[in-house]
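There are 2 protein chains.
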Amino acid sequence: QRYCSQCGKPITQRIPPDDNRLRAVCEHCGAVHYQNPRNVVGVLPVWQDKILLCRRAIEPRYDKWTLPAGFMELGETTAQGAMRETQEEAGAQIELGPLYTIIDVPHAEQVHFFYLAKVLSEKLYPGPESIEAGFFSVEDIPWQELAFRTVSTTLEHYIADRATGVFPMHHYDIPYPPPR
Amino acid sequence: QRYCSQCGKPITQRIPPDDNRLRAVCEHCGAVHYQNPRNVVGVLPVWQDKILLCRRAIEPRYDKWTLPAGFMELGETTAQGAMRETQEEAGAQIELGPLYTIIDVPHAEQVHFFYLAKVLSEKLYPGPESIEAGFFSVEDIPWQELAFRTVSTTLEHYIADRATGVFPMHHYDIPYPPPR
Ligand SMILES: [Zn+2]
Ligand SMILES: [Zn+2]
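Chains as they are written, first to last, in the UniProt record's numbering: chain A, 16 to 195; chain B, 16 to 195.
FYI, nobody ran anything at the bench for these hints, they're computed from the structure. Just so you know, these numbers come straight off a predicted model, no measurement behind them. Quick reminder that beta carbons are idealized off the backbone N, C-alpha and C, glycines included. Careful, some of the hints might be misleading.
[Said to hold, decoys possible] Result set (SDA-like, lysine to any residue): computed pairs, CA atoms no more than 25 Å apart in a straight line:
1. A:79 <-> B:34
2. A:24 <-> B:186
3. A:24 <-> B:43
4. B:138 <-> B:186
5. B:133 <-> B:158
6. B:133 <-> A:142
7. A:133 <-> B:183
8. A:138 <-> B:133
9. B:133 <-> A:188
10. A:24 <-> B:173
11. A:24 <-> B:45
12. A:133 <-> B:24
13. A:65 <-> A:195
14. A:24 <-> B:133
15. A:133 <-> B:150
16. A:65 <-> A:24
17. B:24 <-> A:44
18. A:24 <-> B:23
[As the list claims (entries may be wrong)] Listed next, the stretches of chain B that the computed footprint assigns to chain A, with coverage defined by at least 3 CB atoms under 8 Å from CB atoms of chain A:
19. 18-24
20. 85-93
21. 114-121
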């Protein structure tokens, strides 16, 4: 950030009074511009014994497989955002279940949320953000071609919990950037 | 937002190609400025049988009682943010426990997270954002003077779970603004 979004004048990086971090401060109008982590909201959609994955048509991780997910928008809940992303990326009809994984990803300045969901129809209508969408049995998950560690760890929890039939919420951190 | 934070020129509100929402778009440099919900991270700190509350020295809800909580910062996890806020607002030494409540508050464009924690010393050093901080037995919680519904509902869950000795994560929405 180089200019004030309120008045258009150049900003200064300094620690405001009663604060302890560098902020983008406007000396002209007095505005302090805060930056905060963003939430990514998504779904683990299950059709019979298979899991819905989408192949990304956008960066980052173009061509890799992901669970439907994207940035949470103003005015929606995490659940509403997760349903919207499933619609946008897969065109899947789902019945949303409970919140399942909550994952802190501090190096990406994000928190990820994945809901369990039941897919109601095998018909998919992937949107422009997906090359394709399809159903994978657990044996066929393309582990080496998954886009994000929040996706692979959510799938790992699901497979482990399926053995017990109990799907509690899981909260954990992914504290380091991925290996190159 | 009225000006581009990248180049300082006035912005236009329009729906970009391949999008479906009004965004702050800069026709000069092409930047699209997204806005996203923010996370509030806090703690339910327990000393023996008592709960630590802080009386707010800042708006909104000046003079009302709250659990230590504040906006999550870039580069930290929800847990790190919750510990930081407890230090800043109460100066309490704590041992952080598990994530306890996750609360969607869409009208405020926020998601709130509260962790359980054990207070390690009765000594408190409230910071400038608190008028005072103190310990309350369940019978003495000032229900009518609590600052936020995310605080009162987190306390209600805690009191109910204390009866069973099990403290699972709770996820719920507060879908409507508070009554005036
Ligand atoms: Zn300004
Ligand atoms: Zn610009």
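For this session: Give me the numbers of the hints this structure contradicts, sorted from smallest to largest.
Result: The structure conflicts with hints 2, 4, 6, 8, 10, 12, 13, 14, 15 and 16, although it agrees with all the remaining ones.
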